[in-house]
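K.L.:
Fit chains C and A with the ligands to the supplied structure of chain V, relying on the hints for placement.
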Amino acid sequence: MAVDKATVARIAALARIKVTEGEQELLAGELSKLLDWIEQLAEVNTDGVEPMASVVHIKPPMRADVVNDGEIRDKLLANAPQDARGFFVVPKVVE
Amino acid sequence: MTALTDLSLAEARDGLAAKKFSALELAQAHVAAVEGARPLNAYLVETPEQALDGAAISDARIARNEARPLEGLPLAIKDLFCTLDVPTTAGSKILEGFRPPYESTVTAQLWRDGATMLGKVNLDEFAMGSANITSAYGHVENPWRRQGDNRPLVPGGSSGGSAAAVAARAALAATATDTGGSIRQPASFCGLVGLKPTYGRCSRWGVVAFASSLDQAGPMTRTVRDAAIMLTSMSGHDPKDSTSAAIPVPDFEKALTGDIKGLRVGIPREYRLDGMPDEIEKLWERGIDWLKDAGAVPVDVSLAMTKYALPVYYIIAPAEASSNLARYDGVRFGLRVPGETLDEMYENTRAQGFGPEVRRRILIGTYVLSAGYYDAYYLKAQKVRNLIAQDFDAAFKNCDVLLTPTAPSPAFAIGEKSDDPIAMYLNDVFTVTVNLAGLPGISVPAGLSKDGLPLGLQIIGRAFDEETVLRAGHAIERAANFTARPQFIAGEA
Amino acid sequence: MSLIQGETGAWEVVIGLEVHAQAVSNSKLFSGASTTFGAEPNTHVSLVDAAFPGMLPVINKVCVEQAVKTGLGLDAQINLVSIFDRKNYFYADLPAGYQISQYLRPVVGKGQLTIDMADGTSRTIGITRLHLEQDAGKSLHDQHPTQTYIDLNRSGVALMEIVSEPDMRSAEEAGAYVKKLRSILRYLGTCDGNMEEGSLRCDCNVSVRKPGGKLGTRCEIKNVNSIKFVIAAIEYEARRQIQVIEEGGTIKQETRLYDSHRGTTRPMRSKEEAHDYRYFPDPDLLPLELDPAWVENLKKSLPELPDAKKARFVADYKLSPYDAGVLIEEQASADYFEAVAKGRDAKLACNWVMGDLFGALNKAGLDISNSPVSAKGLGELLDLMSDNTISGRIAKDVFAAMVETRKGASAIVEEKGLRQVTDTGAIEAAVDAVLAKEPEKIAEYRSGKDKLFGFFVGQVMKATGGKANPAQVNELLKKKLAP
Ligand SMILES: [Mg+2]
Ligand SMILES: [Zn+2]
Chain V
27 MAVDKATVAR IAALARIKVT EGEQELLAGE LSKLLDWIEQ LAEVNTDGVE
77 PMASVVHIKP PMRADVVNDG EIRDKLLANA PQDARGFFVV PKVVE
Chain C
1466 MTALTDLSLA EARDGLAAKK FSALELAQAH VAAVEGARPL NAYLVETPEQ
1516 ALDGAAISDA RIARNEARPL EGLPLAIKDL FCTLDVPTTA GSKILEGFRP
1566 PYESTVTAQL WRDGATMLGK VNLDEFAMGS ANITSAYGHV ENPWRRQGDN
1616 RPLVPGGSSG GSAAAVAARA ALAATATDTG GSIRQPASFC GLVGLKPTYG
1666 RCSRWGVVAF ASSLDQAGPM TRTVRDAAIM LTSMSGHDPK DSTSAAIPVP
1716 DFEKALTGDI KGLRVGIPRE YRLDGMPDEI EKLWERGIDW LKDAGAVPVD
1766 VSLAMTKYAL PVYYIIAPAE ASSNLARYDG VRFGLRVPGE TLDEMYENTR
1816 AQGFGPEVRR RILIGTYVLS AGYYDAYYLK AQKVRNLIAQ DFDAAFKNCD
1866 VLLTPTAPSP AFAIGEKSDD PIAMYLNDVF TVTVNLAGLP GISVPAGLSK
1916 DGLPLGLQII GRAFDEETVL RAGHAIERAA NFTARPQFIA GEA
Chain A
5 MSLIQGETGA WEVVIGLEVH AQAVSNSKLF SGASTTFGAE PNTHVSLVDA
55 AFPGMLPVIN KVCVEQAVKT GLGLDAQINL VSIFDRKNYF YADLPAGYQI
105 SQYLRPVVGK GQLTIDMADG TSRTIGITRL HLEQDAGKSL HDQHPTQTYI
155 DLNRSGVALM EIVSEPDMRS AEEAGAYVKK LRSILRYLGT CDGNMEEGSL
205 RCDCNVSVRK PGGKLGTRCE IKNVNSIKFV IAAIEYEARR QIQVIEEGGT
255 IKQETRLYDS HRGTTRPMRS KEEAHDYRYF PDPDLLPLEL DPAWVENLKK
305 SLPELPDAKK ARFVADYKLS PYDAGVLIEE QASADYFEAV AKGRDAKLAC
355 NWVMGDLFGA LNKAGLDISN SPVSAKGLGE LLDLMSDNTI SGRIAKDVFA
405 AMVETRKGAS AIVEEKGLRQ VTDTGAIEAA VDAVLAKEPE KIAEYRSGKD
455 KLFGFFVGQV MKATGGKANP AQVNELLKKK LAP
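Chains as they are written, first to last, in the working numbering: chain V, 27 to 121; chain C, 1466 to 1958; chain A, 5 to 487.
Note that these hints are calculated values from the structure, not bench results. Backbone N, C-alpha and C fix where the C-beta goes; we use that ideal spot for every residue, glycine too. One thing to keep in mind: the hints can contain errors.
Claimed, not checked - Derived EDC-like pairs: lysine to aspartate or glutamate, alpha-carbon spacing no greater than 20 Å straight-line:
1) C:1705 with V:97
2) A:346 with A:391
3) V:31 with A:280
4) A:483 with A:436
5) V:118 with A:146
6) V:44 with C:1805
7) A:226 with A:176
8) A:65 with A:165
9) C:1882 with V:56
10) C:1705 with V:56
11) A:303 with A:79
12) C:1862 with C:1735
13) C:1726 with C:1930
14) V:59 with C:1885
As the list claims (entries may be wrong) - Ranges between beta-carbon positions, derived for each pair:
15) C:1836 with V:58: 53 to 63 Å
16) C:1740 with V:69: 41 to 51 Å
17) A:293 with C:1803: 41 to 51 Å
18) A:298 with C:1754: 50 to 60 Å
19) A:293 with V:35: 36 to 46 Å
20) A:254 with C:1858: 53 to 63 Å
21) A:128 with C:1803: 51 to 61 Å
22) A:415 with V:85: 58 to 68 Å
23) C:1836 with A:128: 25 to 35 Å
Bound conformation, chain V alone (with noise of 0.2 Å):
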């Protein structure tokens, strides 16, 4: 199996999901299946050949140096599920 139950902790904290002990087990058999069959591609030989990040092959756009966005504050907050002040907010963190 690829993937153990310690991975799929670690996977979920770096994502932030919250899995529970019982969901651990489930998913590791489940991601373990996706991966062994996901790495029939190591038949591929692939020496040489660069990895393709994008299809598009034109040189990206530039924007001019204007301040023309912006000053959106309320439409911002709008859909907040906390603000105060004009201030999005979140549980305390400590640094």
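P.N.:
Here is chains C and A with the ligands on its own, set in the frame of chain V:
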């Protein structure tokens, strides 16, 4: 006279121009159809006032001879497109209650051209699925049923709501998106035309991202002509999307000349899968014959990397998704499930806000990008992706379009296949290659299965050559003369 | 090499710095929101900066230009193709859950920078790379007992992260490095270098080893925001590490914070977990491609940089390397000096700028750009000395009056009647009057008490209100006092 909801988009447009009926009548008929279609669970939000208010404006413009290209045509919008002040959920609980303060470029262009919105339609959660059973707001039912079998069927996915709404005559057409087959496969399952344009043809700005290097918006319609009309309005360069192509948009409807004489049609031999149902094989043969009869030349081509496309896709798409979906954290919009600490809040919110399929893909994506695995999975997948694209480049040296089946099966029942993710993923085996290579592809209804369910054929073209794709699709459409109707038609039940 | 003496012998400190310099631009790296400092919370924020669903980045050309200019100014390799990656991690002030940065292929590669030490020596410090990235927002932890407040005004502001090689061997060298880097950035106009406002922040990587031994485990002190603190933090951290090792402990690789009130460093709690940033190329952005001709043009348009200017000041104006170094630190003082020195006695100009002017500015707490005496004004004063309108002694008073009243030198001389007396008759009369009163002193002088000459000069100057031409006074006195 045909019911107003049974008209094609082109017919409705022409009928309005000829003043055979008013935009208001057209809108009213569709608003009623949307209500009638509720048993399908296709619409998540109905916006009758937008359709009716828009119709009044359209009637005034038509009276002044100022009709725009899509004047007064009511559409369904996949709930992945952000719509100004109208709830946008991506089919996820994590975006419950989210009202975007902005309109996606694609929908804004449709409204610019005079179309109106009937509502937002259901989809697999964050467009992750091939059966529209992963939506947090319930599955969508296919308006089609097997002969002699009353079990509800899936409409395909992820654009299942778009497909069900258009097939059931509860919208003239719909917007959809396609990351691995999400327009073409549901089109095939619901007897519709679904077009995935070239990557970069339609702006991704304001469309909730699933896998950014693969996502592309496109139309879901009942005819190839309608797809051409929709595409003309949906496409175009958008300076707000760095991957949007700065090339002119032709009037795609003009491409439908009916003439495909001498067109070289590649038949990729690797698409002949082991255990492929006989009826799919036969449909494909029939498609080749139709095109040959119309003067096209079939060419045998090889796409050797085809079998690796799905594994590549299931590395790249989840990897990008794991990052794209990090912004759903309970801080600025959508669901927040409280926690003692910030991390607890994140973990609770994301555990409860995302459904099982989305969670699974985020975890896989996180895994393949994580330290020590990146090269073996993500980098390897990017290299094989390059080989897949090179396959297409080579094939297109010998042909102008490719013809393939759209999906390896007709629609299946809700509950079938759903316990095995890999079996579900195989639905996209013929469509996913096109996303990886960024090419345009169209699915056109071509026949019925032995159970009486629609089956589609797919035409794949060169990058930015949607015109040839449409022209070839149009030839299939004419030869197939697909007139079958689903069992469920909104308002007729 | 400067070593630190521990209980078990001498230790060497190894320092590498990562400087985050805010690129000067009107709008953000990937959005059109303003970068202005000090706005109301969450006002300079676009939907892109707040990572709303479906929002996409589009790069700001000026930010790229600033990065390339900075690279050129650091004598560095400019990479014509570079790639934006996503650095994935969750934090309340990182709205997208990833920072767009450059990882494997930065826009600028290897370069170098020369630091100047107080003892007049110089050293070359290697630059590893410079990459463009987004700044995060700001978390305010002190606004509420159980809540943290988030302001995204800084979210998406363009940063140039400039990474040095671990080439520095003392806190002073690190201080000199930041000072020099800031000077170059300001010359280039690519970063305002304002450390209080956070436009320039420094992460210090510190380790210790026995001289010549293998590298020790390093700790990273995050976000130090003044040169003084950079020096103090590194000094503290080095001694802390030495003490830990000498007491038999080991150094844990970790991120630490500098506490400027206590002058200590402590581990950063929020950074305790092991990091796995899952970098991958941002699929929303295409590789950044630079036109070689455009880079070449930028290169041609670069201003003269501090090192070149210093060399030129030494060569052309015959200044000491120390004086030249002080003058070129800020472009504004270098320009000021050059404006004064041009066509005049450069050494005199240097003395006046570094002595009287800097002294006056210091006293008034003013920047050279707000100097009460302009370069033209100081030049005029120097001209009044060289054409003998006033003496050097009077010039000091005139300068003080210029600082005080912001009036021109000539006006003050006229107003106060400070014009030097050069009329030989008048001076001779004053000399005669003084000599007439001091027959005994004359006798003493003539009998060999040479030192009394200064006394006679002083008396004549006093009698003329300081305005007599000193050279003429000297000459006349010498003649009349001769036996
Ligand atoms: Mg750093
Ligand atoms: Zn950084």
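K.L.:
It remains to establish, for every hint, whether it holds in the given structure.
P.N.:
Comparing the hints with the structure gives:
1. C:1705 with V:97: This hinted pair holds, its Cα atoms lying about 18 Å apart.
2. A:346 with A:391: Distance ~16 Å between residue 346 of chain A and residue 391 of chain A Cα, so the pair holds.
3. V:31 with A:280: Holds, because 18 Å separates the two Cα atoms, which is no more than 20 Å.
4. A:483 with A:436: holds (12 Å)
5. V:118 with A:146: Roughly 9 Å between the alpha carbons, so the hint for residue 118 of chain V and residue 146 of chain A holds.
6. V:44 with C:1805: The given pair, whose Cα atoms are some 14 Å apart, holds under the 20 Å limit.
7. A:226 with A:176: holds (18 Å)
8. A:65 with A:165: At roughly 17 Å apart (the allowed maximum being 20 Å), residue 165 of chain A and residue 65 of chain A satisfy the hint.
9. C:1882 with V:56: holds (15 Å)
10. C:1705 with V:56: violated (39 Å)
11. A:303 with A:79: holds (10 Å)
12. C:1862 with C:1735: The given pair, whose Cα atoms are some 17 Å apart, holds under the 20 Å limit.
13. C:1726 with C:1930: holds (17 Å)
14. V:59 with C:1885: Since the Cα atoms of residue 59 of chain V and residue 1885 of chain C sit roughly 10 Å apart, the hinted pair holds (cutoff 20 Å).
15. C:1836 with V:58: 53 to 63 Å: violated (19 Å)
16. C:1740 with V:69: 41 to 51 Å: violated (20 Å)
17. A:293 with C:1803: 41 to 51 Å: holds (46 Å)
18. A:298 with C:1754: 50 to 60 Å: holds (56 Å)
19. A:293 with V:35: 36 to 46 Å: Since residue 293 of chain A and residue 35 of chain V have Cβ atoms about 42 Å apart, the given range 36 to 46 Å holds.
20. A:254 with C:1858: 53 to 63 Å: Given a distance of about 56 Å, which is inside 53 to 63 Å, the answer is holds.
21. A:128 with C:1803: 51 to 61 Å: For residue 1803 of chain C against residue 128 of chain A, whose Cβ atoms are near 55 Å apart, the range 51 to 61 Å holds.
22. A:415 with V:85: 58 to 68 Å: holds (60 Å)
23. C:1836 with A:128: 25 to 35 Å: holds (34 Å)
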